[in-house]
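Take the given structure of chain A and dock chain B to it, following the hints.
There are 2 protein chains.
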Amino acid sequence: MSGRRAGVVLALLLSSSLLGDEGQWPPDQLASFDAKSWAALRARGLMFSPADLWDGKGGGLLTGTIQIGGCSASFASRDGLVLTNHHCAFDAIQLASTPERNYVRDGFVAKTRAEEIPAKGGPSRALLLSRIEDVTERVRGPVSAFAAAKTDVERDAAVERAKKEIVAACEKTPGARCQVASFYDGLAFELQAQTEYPDVRLVYAPPRAVGEFGGETDNFRWPRHTGDFSVLRVYVGPDGRPAPYAKENVPFHPARFFRVSEKGVAPGDLVMVLGYPGRTQRYLTASGVRNAEEWFYPLRSRTYADLIAILDGATKDDADASLRVSTHVKSLANVETNARGQIEGLRRNGVLARVAEEERRFAEWLAKAPSAAAAERAAPKALEEILAKDRARQERRFFLEETERNPGFLFSALQAARWAEERAKPDLERDAGYQQRDVARARDRERNATKSLAPDAQRKALAYLIAKAMKASAGEPIAAFGETFGRDASAAAIEKRLAQLDASTKLADESVRLANLEAPLETLKASGDSYVRLALALSPDLARVRTERKALAGALLRARPVYLSALREFRAANGRLLYPDANSTLRISFAEVKGYAPREALLAEPQTSTKGLLEKETGAEPFASPARVLAAVRGKRFGRWEDARLGGVPIGFLSNADTTGGNSGSPAVNGKGELVGLNFDRVWENVAGDFGWNPERSRNVMVDVRYALWLIGDVDGQAWLVDELLGK
Amino acid sequence: MSGRRAGVVLALLLSSSLLGDEGQWPPDQLASFDAKSWAALRARGLMFSPADLWDGKGGGLLTGTIQIGGCSASFASRDGLVLTNHHCAFDAIQLASTPERNYVRDGFVAKTRAEEIPAKGGPSRALLLSRIEDVTERVRGPVSAFAAAKTDVERDAAVERAKKEIVAACEKTPGARCQVASFYDGLAFELQAQTEYPDVRLVYAPPRAVGEFGGETDNFRWPRHTGDFSVLRVYVGPDGRPAPYAKENVPFHPARFFRVSEKGVAPGDLVMVLGYPGRTQRYLTASGVRNAEEWFYPLRSRTYADLIAILDGATKDDADASLRVSTHVKSLANVETNARGQIEGLRRNGVLARVAEEERRFAEWLAKAPSAAAAERAAPKALEEILAKDRARQERRFFLEETERNPGFLFSALQAARWAEERAKPDLERDAGYQQRDVARARDRERNATKSLAPDAQRKALAYLIAKAMKASAGEPIAAFGETFGRDASAAAIEKRLAQLDASTKLADESVRLANLEAPLETLKASGDSYVRLALALSPDLARVRTERKALAGALLRARPVYLSALREFRAANGRLLYPDANSTLRISFAEVKGYAPREALLAEPQTSTKGLLEKETGAEPFASPARVLAAVRGKRFGRWEDARLGGVPIGFLSNADTTGGNSGSPAVNGKGELVGLNFDRVWENVAGDFGWNPERSRNVMVDVRYALWLIGDVDGQAWLVDELLGK
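Protein chains in written order, with the numbering used here: chain A, 2 to 729; chain B, 2 to 729.
Extracted from the complex, chain A is given alone in its bound form (with noise of 0.2 Å):
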């Protein structure tokens, strides 16, 4: 890009819209904001200044946010507590019950800290930000592997293994979590690095019908009262650095913390949402919109369907069975109900349309722009090329994935098999997430999947993909199941012989599994097991489907960053600056609480209370709280948690802040860096925002720490907690 001529452009057109409520900010980007953006934030009540925010050198506001199992979350008292969803720490709850002490039905509730329990599985580790640095030169400099590659998949090598030696290096320093994210599809390349703290605790979590009031019912919905949040908190060694688990250990005080607010927010309320937000499509070009509308998500949609029906109906008569596939249920519940809103959405908003014209603009003034140089004139059409020729492979690939990935002895032998084949290599080539740094992540997979065991549905869920994905497969059969299943490739043939398999499989057995973890390849083939000879036979198709994936990620590489390079320009050349997709890095958002028109003729209002919690009890789920929430409901025991205005404890609230999957957790803060919310969703209407923002609908849906102060202190009589979260 034309550094000169785009400020240039800059300095003329931008004004303080530059900073407006769209765009996923990161951290080193927020320095580069004009003083009007800095100046109409603090007229709206911001009390910091960037270098608050971001020191730039892994310091600042921003650094009170965390990532724990996959989500947002943030540190809320000085003695390391942490804020998060309740779904965020589902699995540490889940894996904590028994039959006799349930907490994901009754909620866990520690009366002092030495009630605190280790989170196990996804919350078992937080991760702090402590250093972002640029490795763009490295990974893809002149003198680059990137550079010299002469293939697709040489190319896409070249970053990995360039990734992958700079991840390395990085996690020398003991407790370090680094990851080398791609910005702009691969135009720059940052180090993130984390401090990885392993001894997580569980210090309050609402009984599930709070956690998950409204359940598939209200996802994505608003108005909303759902009780979305957990407490947690971070232990470290009494030297104060990250330990693992042990009686020990104290409790661990964070640089930085957002202290919980007392007041609450109010409409109008100027918030930042921070987090680490996963995947946004901002830059799609229209034949990329299309084929997200009208075939993957439709694709993704029926699938998770189907298997859910699949998985209910193999548990409907058996309670212990339908709570081992209830995490797995619950996911695919939620991609589907995703899938559902993206289609919608895109449909609602003429995504399309809007997209296609952008791009015939975006065309206009390529051809005219004298600072375009060749090969962004021609990055378009050949990014097109790219996309056609993977297309029309797509349907084969998703089913195999969709398989790969099926929890259940498959799954296990797979792993397996991928593990004994990736530790023959140097560490540095091994495929992401089969190096030495992931064993404890995969061996922690298989104990958690012995708690989630449920053969006879995770039977019938694999022989329906293994179907599909056979006869996704008929142009390019897949040879392992042909010798496996024969030639009749129905679900019901592929589930009878799957049972036989089911039979004789050690894989049942946890030490069994865990030991196959480690085991080389010979000795899987020795070992004779049904479904390990099953995944080293399906080997060679899954590999030669990564390689297919690595060669268009390779291919991506030659085309995406010039265009998004070129876009940038175009942009700038209009007064719009470009912000990076999400991609699993710390951003910020600025945005005000905010309610919208979800369609014609409906107004939703900012925020919701205990009154609307009322309004939906049903006393059956998704709707039955439980008892003592009812009862200080019913009996108006609102205590100092009452807005008059709502008439009852504030629950919910939305604001226009642009997140997305990953920003679970995410704390909302206000002016002040007070935390006043904690983002759990988006509406409906905006679940399709992946792909655009749109000022209109573009809102996020939040659980008001006003609720989850009530329920600690009034309903469940922790007050200790209460002061700790308030700083008193």
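Incorrect hints may have been included.
No copy is singled out in the list; a pair is fine if it fits within one copy or between any two copies.
Stated by the list, open to error - Mimicking DSSO-like on lysine-lysine, the simulated pairs with C-alpha atoms at most 30 Å apart in a straight line are: (1) Lys151 - Lys331; (2) Lys151 - Lys526; (3) Lys472 - Lys317; (4) Lys331 - Lys617; (5) Lys612 - Lys317; (6) Lys497 - Lys317; (7) Lys673 - Lys264; (8) Lys382 - Lys526; (9) Lys382 - Lys264; (10) Lys390 - Lys673; (11) Lys637 - Lys151; (12) Lys426 - Lys637.
If you are wondering where the hints come from, they were derived from the structure by calculation, not from laboratory data.
Since the model is a prediction, treat every value here as computed from it, not as a measurement.
Coordinates of chain B only, in the frame set by chain A:
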């Protein structure tokens, strides 16, 4: 009731709130309101006096409202055009359709009067009110059979007999259709005489995708974008008198009609909704509300949902069968959705608690009121005893009655058996619905049954109901079922047996069914038809169920009128006037165009337009508008019907009119007496409104007449019809 005392209380306490928006007022009650009420209505824009609305002699503005096919409707031109709902004219549209001319799918457009076609089925007869006469004295006066009755069955028979005599005398006038309606559960009786016009023709119907836009998804919902209207015309003989269809017939010139408004409505406007509401239960005791909430509606919802699933499942691969059961499925779906709404509404509106509280205050008042007679004081207890006794048998009755009314061979056979039995009695002693006057309708039903015959699907539904009935009758087995189906009372076994019956019955033949309707019992017995045999065997059980119903009715006639009379006095003492429950007689509701808050944090505005139609459009049912409509909306070809504030042609609007089933097709008339819309639904939150009006949530849904005019004139090019509706 102590009239004098109540009168004094009224004069002291009643303000203009008397004629508030609650109340479905009978025409003859209007004159009894005070001057203040009328002044308030005039201030809101009403340009009529009570006598203008209803002159007490069968004339007045209200008589522009008619009854058609169980719905309400209105005259809308001097040449007898009639406006009603699409769903009210649906039978006629469907029965006129063939695979080649699919009026259901494409809509029906008569380009000239000559192209107007006879409306068959339900909408083939228009009923115009001609006279109201108080007949309480004759039905239940001191010298009546009612007064002399010694048993509950006798008491019911006495009332039925008296009603039939009055109706028979009334119907000696050619073309007269008469009914005796009970007010306040038998406290008063009125003869309502209507003139029947048997030549009704279809003039215009929108495509189903307009008339049912949103389908079940939007049923009972707001915001709404359904063009639920159709245009019919009443014809009479050249002499101006009612006459069956004949080529030489001419358009009817009604005494009153509502000119269609060009201006439409705006929020805050006064509207009157006129029509024939079917049934409300505003004066139930708490035990009655509980029975409705906890037994009746849940059972109905489950049963009908099962039936829908059975019929859909049985016809999903057979387009023809699917079309044949569509009317039945549609009606089941409507009732099922309604049942769920009732349950949810009763619960959410806390009706039971409110009724219980009112009951408590009523009991208190009753204990102390000097005017209350001993019978009045005893009425609540007597009533509860009757109800408790009846509830012990209600589930058995429920399934037997559902079995009896399930469309198909058994239905036809039972009808034939019933007619044979009833025909043996003198006309006046027959049960309602089986008198000479009902023959034509019974024959119509059998003729229409040919079009909806779908033996495979209907058999499955019947098997399901019989299995349920057998289960609910375990303590008192149904002999005919035991004989026919043996011991295995599973639906599968029953269906197998029914398939044998299907194989040998002759009832698929319309002429056989029509002949059976007139056959004496001996002929039926001799016929040996498989279903006729089952029907004859089942008849005694069904007759006992009817007797049970009659005994209940007779018992309630002891208790309910006294109870209602006392309640009326109690209400008057508290400044509230009692209006009678809906009973399918003409009523008027005064209302305002007004939004509402469906629940916390949501506001519903009272108007929708083509803008929102486009938002909902998905291209797939139930949101797939016809191409010509979509093109006009997308091209913004709104003509003079655009409402700039709404951004398109207005489609739906809300008011707080007091409506219920039977009000479908009701005209909404502005203060000048111009027609501005047609009622066709209520909002979900108001479905339980039958048990109590609620100012916050009682909203009905109407289609704006401007949408109809735009579709007819601008989209379908029938300017002549628009001109006629506008009186040009």
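Hint check results:
1. Taking the shortest Cα distances, lysine 151 and lysine 331 never come within 30 Å of each other, neither inside one copy (44 Å) nor across copies (64 Å).
2. With identical chains, the CA atoms of lysine 151 and lysine 526 are never at most 30 Å apart, being 36 Å at best within one copy and 92 Å at best between copies.
3. Taking the shortest alpha-carbon separations for lysine 472 and lysine 317, both the intra-copy value of 29 Å and the inter-copy value of 24 Å come in at or below 30 Å.
4. Taking the shortest Cα distances, lysine 331 and lysine 617 sit within 30 Å of each other both inside one copy (21 Å) and across copies (28 Å).
5. For the identical chains of this complex, lysine 612 and lysine 317 are neighbours neither inside a copy (33 Å) nor across copies (43 Å), given an alpha-carbon limit of 30 Å.
6. Taking the shortest Cα distances, lysine 497 and lysine 317 sit within 30 Å of each other both inside one copy (20 Å) and across copies (28 Å).
7. In the homo-oligomer, the alpha carbons of lysine 673 and lysine 264 lie at most 30 Å apart inside one protomer (12 Å), although the nearest pairing across protomers, at 53 Å, exceeds that limit.
8. For a Cα distance limit of 30 Å, the shortest separation of lysine 382 from lysine 526 qualifies neither inside one copy, at 47 Å, nor across copies, at 82 Å.
9. Proximity of lysine 382 and lysine 264 under a CA criterion of 30 Å is satisfied in neither setting, with 54 Å inside one chain copy and 54 Å between copies.
10. Taking the shortest alpha-carbon separations for lysine 390 and lysine 673, neither the intra-copy value of 51 Å nor the inter-copy value of 67 Å comes in at or below 30 Å.
11. For the identical chains of this complex, lysine 637 and lysine 151 are neighbours neither inside a copy (71 Å) nor across copies (55 Å), given an alpha-carbon limit of 30 Å.
12. Neither within a single protomer nor between protomers do lysine 426 and lysine 637 lie at most 30 Å apart by alpha-carbon distance, with minima of 64 Å and 65 Å respectively.
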